[in-house]
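Number of protein chains: 2
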Amino acid sequence: MEIKEKEILRELKKYRERDLKYEDGKILGSMCSKPHPISKKIVEMFLESNLGDPGLFPGTKELEGEVIKSIGNILNNKNPFGYIISGGTEANITAMRVIKKISRGKKGKDKDKKANIILPETAHFSFEKAKDMMDLNYISPPLDKNYIMDVKYLKDYIEDKREKHGIDGIVAIAGCTELGTIDNVLELSKIAKEHNIYIHVDAAFGGFVIPFLEERYRLENYNYEFDFSLENVFSITIDPHKMGLAPIPAGGIVFKDYSFKKYLDVEAPYLTDTYQATLIGTRTGIGVATTWALMKLLGSEGYREIVSKCMDNSYYLIKKMKEYGFEKVITPVLNIVTIKDEDPLRTSLMLRDMGWYVSMCRCVDALRIIVMPHINKEHIDNFIEALSQCKRD
Amino acid sequence: MEIKEKEILRELKKYRERDLKYEDGKILGSMCSKPHPISKKIVEMFLESNLGDPGLFPGTKELEGEVIKSIGNILNNKNPFGYIISGGTEANITAMRVIKKISRGKKGKDKDKKANIILPETAHFSFEKAKDMMDLNYISPPLDKNYIMDVKYLKDYIEDKREKHGIDGIVAIAGCTELGTIDNVLELSKIAKEHNIYIHVDAAFGGFVIPFLEERYRLENYNYEFDFSLENVFSITIDPHKMGLAPIPAGGIVFKDYSFKKYLDVEAPYLTDTYQATLIGTRTGIGVATTWALMKLLGSEGYREIVSKCMDNSYYLIKKMKEYGFEKVITPVLNIVTIKDEDPLRTSLMLRDMGWYVSMCRCVDALRIIVMPHINKEHIDNFIEALSQCKRD
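Protein chains in written order, with the working numbering: chain A, 7 to 399; chain B, 7 to 399.
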């Protein structure tokens with residue numbers, strides 16, 4: 007058995023070696039990165055834990071409560087309610103479940119009508135999955151010159167009497183997948199407050215960036231506020247397994263308070279808890295434990311350093327682009343850099359043949375580079391060389 | 007930093023120590039168990055992998071293909087299509103997405119009508135989550151004397167002309183959460199074939215039990231067939247992280263063939279693949295790698311041994327129950343034992359105070375014990391003593 011075990015591990019390793027490695031710096035289009043080294047020491051400890059049945063794992067459950075409290079802290083919420091779940095998709099679907107349920111409650115006998123939700127054109131495709139299942143009606147206002155939702159248009163749209171009673175939710179993005187932009191949640195909050203509309207903020211990426219973004223990286227006249235200090239922000243997606251450096255699976259959904267649990271609860275007769283509010287049932291405690299450890303170990307100071315390094319590298323990439331004659335779409339808001347390209351699909355496939363994995367924007371003809379913590383200046387130098395070679399060919 | 011790291015790991019350990027341990031034999035109501043020891047050696051190797059972006063992890067992706075093929079093999083399917091996902095809930099929701107989509111296609115302009123799905127009363131609560139999101143209409147036929155769906159009733163119901171065109175799917179259970187029963191999928195398949203109805207089998211638990219169940223444990227005149235060899239069985243939930251002994255998260259969804267992918271695909275513009283069919287996006291490759299290794303290491307023979315041990319222990323529990331004057335609800339079909347109890351809630355809370363975690367049935371007044379691989383005869387002896395003490399008090 008032991009020989010067989012060794013043989014299997016050897017075989018597995020061969021497969022694993024064919025995967026890309028973050029440290030090689032060729033993964034330029036992923037919002038995930040190499041997990042912090044402490045993770046490896048925690049995974050084994052929590053391998054058996056199952057937060058789907060929390061009564062059996064009270065220690066791990068308490069850790070989750072503390073993690074949610076810590077995340078609440080960075081999101082300006084003293085009474086957060088939430089979970090560490092599989093990722094941003096589950097988090098966004100969970101928020102859409104709540105909006106749909108609240109909208110049903112309001113509509114009374116019109117309850118079979120679809121929920122109307124304002125959604126940026128640049129929203130992550132997890133919202134398409136939510137729509138596919140929940141028959142939501144998305145309304146996407148035009149983007150303004152900063153590639154965020156046009157607030158003026160939206161205000162007029164919502165105030166139009168015909169539409170007034172029909173908007174059930176607004177999704178705002180804080181760290182857009184495509185460009186790293188941040189919707190003007192401050193202005194959206196005012197509109198939402200006036201018209202009693204639920205705001206969900208998708209800060210899957212930005213949640214572990216914006217709170218740690220030093221003044222010197224902040225653009226003038228740009229709104230970076232996105233958290234629970236703004237009225238009618240009732241839920242936020244924030245993923246430790248993106249810029250929080252936790253291993254997958256560690257997504258986060260946080261609500262303003264416990265009162266939102268009732269929209270999610272399903273009877274769970276076989277478990278130690280009588281109700282279950284998470285979408286996924288059985289779930290490992292690894293995400294909770296690693297996030298807890300990382301937030302203790304790094305603290306605000308540690309995350310600030312990581313974000314600063316990524317921002318410096320983003321500016322370095324912009325500088326190199328300029329030297330080589332490449333143009334940006336926007337000045338980076340967070341550590342996502344866009345490179346204008348007439349035929350981004352062709353370029354990205356050429357780059358892939360050379361071993362570089364970038365991805366593309368949808369709303370504009372451009373490549374997008376996520377300058378994650380695993381990317382350093384040398385990788386950027388090499389990448390720019392490769393990109394420029396594509397253009398010469 | 008290193009001192010701080012050690013301190014954090016020490017603190018984490020303290021929390022973890024407050025969790026129950028499978029090896030203590032007190033967890034009697036969970037369908038998860040202690041993962042096989044080889045898992046620990048694999049977790050670290052695949053910690054960084056992300057099957058949500060498979061182009062970056064081609065080695066891990068290939069492993070997934072092989073795992074699905076192996077699982078297809080035990081389910082009598084030479085052309086399986088599927089994924090290793092977060093668990094049974096995601097798998098069941100995924101199947102409901104497909105049924106809803108197919109039903110929409112058929113209904114044409116009546117497409118806003120709810121999909122009608124036959125669902126056993128004893129179905130897992132993940133189907134409630136699916137209903138909550140997808141507005142499904144569940145029809146639950148009465149249970150027969152074996153606590154499975156009454157096939158005769160169902161046949162009449164479906165053949166009733168008024169209902170004939172209205173049934174979009176049948177969910178059958180192979181290893182019911184509550185009692186371990188198996189629906190008569192053989193007969194259901196005939197009905198489904200005749201009326202062109204999609205069958206989804208929830209074998210989250212039974213999938214790694216029934217194919218390895220030796221003849222001597224099989225009840226007379228009981229139908230154990232549940233897999234793709236039966237017509238109109240189009241999808242099966244089968245969880246490696248239950249009786250497959252993989253660590254969480256390792257659930258499985260398998261379809262008859264690739265043609266079902268189109269009902270799930272959502273455009274995924276930022277990733278190396280253009281479409282994504284899984285409900286959850288970012289997902290670790292750990293579940294794939296551990297399942298691959300376990301299926302190689304244990305093989306059919308190994309799983310047969312594990313199942314036999316659990317069945318022997320189930321019968322041992324039944325014998326002890328008889329000695330102590332406790333009655334079963336049904337003769338165990340799989341390694342789940344039911345104990346009749348007038349007030350199961352009270353008894354289970356008393357047991358919990360004594361450190362024993364059992365759970366309850368819904369469809370009958372009874373406790374339920376899942377005789378997982380971590381349970382041995384000594385645990386059973388001690389448990390029966392404790393239960394009998396509850397009754398004396």
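A hint or two may mislead.
Copies of the same chain look alike in the list, so a pair counts if it works inside one copy or between any two.
Below 25 Å or equal to it, Euclidean Cα-Cα: the simulated DSS-like pairs (lysine-lysine) are [claimed, not checked]:
#1 Lys46 to Lys268
#2 Lys196 to Lys151
#3 Lys47 to Lys75
#4 Lys27 to Lys119
#5 Lys75 to Lys346
#6 Lys12 to Lys158
#7 Lys151 to Lys107
#8 Lys334 to Lys346
#9 Lys19 to Lys75
#10 Lys325 to Lys137
Worth flagging that the hints you see were computed from the coordinates, not collected in a lab.
To see whether the hints hold, each was checked on the structure:
| no. | hint | result |
| --- | --- | --- |
| 1 | Lys46 to Lys268 | neither (36 Å within a copy, 37 Å between copies) |
| 2 | Lys196 to Lys151 | within (21 Å within a copy, 60 Å between copies) |
| 3 | Lys47 to Lys75 | within (23 Å within a copy, 33 Å between copies) |
| 4 | Lys27 to Lys119 | neither (47 Å within a copy, 48 Å between copies) |
| 5 | Lys75 to Lys346 | neither (41 Å within a copy, 42 Å between copies) |
| 6 | Lys12 to Lys158 | neither (63 Å within a copy, 52 Å between copies) |
| 7 | Lys151 to Lys107 | neither (34 Å within a copy, 38 Å between copies) |
| 8 | Lys334 to Lys346 | within (6 Å within a copy, 70 Å between copies) |
| 9 | Lys19 to Lys75 | between (39 Å within a copy, 20 Å between copies) |
| 10 | Lys325 to Lys137 | neither (40 Å within a copy, 52 Å between copies) |
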